[in-house]
Amino acid sequence: DGGITQSPKYLFRKEGQNVTLSCEQNLNHDAMYWYRQDPGQGLRLIYYSQIVNDFQKGDIAEGYSVSREKKESFPLTVTSAQKNPTAFYLCATLGGQGATYEQYFGPGTRLTVT
Amino acid sequence: AQSVTQLDSQVPVFEEAPVELRCNYSSSVSVYLFWYVQYPNQGLQLLLKYLSGSTLVKGINGFEAEFNKSQTSFHLRKPSVHISDTAEYFCAVSRMDSSYKLIFGSGTRLLVRP
Chain E
1 DGGITQSPKY LFRKEGQNVT LSCEQNLNHD AMYWYRQDPG QGLRLIYYSQ
51 IVNDFQKGDI AEGYSVSREK KESFPLTVTS AQKNPTAFYL CATLGGQGAT
101 YEQYFGPGTR LTVT
Chain D
1001 AQSVTQLDSQ VPVFEEAPVE LRCNYSSSVS VYLFWYVQYP NQGLQLLLKY
1051 LSGSTLVKGI NGFEAEFNKS QTSFHLRKPS VHISDTAEYF CAVSRMDSSY
1101 KLIFGSGTRL LVRP
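Those protein sequence lines, which keep their order, are chains E and D.
Count the first sequence with our numbering and you get residues 1 to 114, in order.
Count the second sequence with our numbering and you get residues 1001 to 1114, in order.
Bound conformation, chain E alone (with noise of 0.2 Å):
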């Protein structure tokens, strides 16, 4: 079954502690990203890597780090420099070329920072 998963589903810490959100895929697909929801704001780009080895900041990096060390996977850590970390964030990839193209998310997981 094809998918994008990213666990858990809702993630509790201590503020000054760095975490680590997963994000795994198998639909072969080379282009990932990292959002970040909060409410009234819509969705905004953290990373995103385009092929392996590879990452692009996005529109709000400060206090994320991301590694590509393998094509299904993505991991998003949240170091404890992120002023306001508490979030919903939601994991992408990018399938098909040109006209077919389209990003496909994950269920997301929601941090919550206290």
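Hints in this document: simulated from the structure, not taken from any laboratory.
Heads up, a few of these hints could be off.
[What the hints assert, rightly or not] Think about it this way: if two alpha-carbon atoms lie no more than 20 Å apart in a straight line, the pair counts; the simulated SDA-like pairs of lysine to any residue are:
(1) D:K1101 / E:H29
(2) E:K83 / E:G58
(3) D:K1101 / E:Q56
Please read these numbers as outputs of a predicted model, since none were measured by experiment.
Once you have looked at the hints, place chain D on chain E.
Below, chain D without anything else, positioned relative to chain E:
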């Protein structure tokens, strides 16, 4: 840079009534246009997209949208809504380049009442 404006944060409507969710965008270059739907605590699902060709685009669940280049709009419509259409709807644009990064509007909550 690109930006997307969804003018209505919430749209209440009675079941079986028609609905229009408004989306305007700003871009100095050509873009692709998308509408996504999000149910509570879930990821995003693509409703429809405009990449090229006919300006009237039909999507899933009976939704359609019309691309108006002169008004830089991409409004979403449905002739008769159901209770199950209650969700958050996001308009998004993407530059026609290799990154395929999405820029999202702030979302419109569609609330369908019996």
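Taking the hints in turn, this is what the structure says about them:
Distance check on the hinted pair: D:K1101 and E:H29 sit about 15 Å apart at the alpha-carbon level, within 20 Å; holds. As the CA atoms of E:K83 and E:G58 are separated by approximately 17 Å, the hinted pair is consistent with the 20 Å bound. Pair hint D:K1101 plus E:Q56 holds up; C-alpha atoms about 11 Å apart against a cutoff of 20 Å.
The structure fails none of the hints (numbered hints given earlier).
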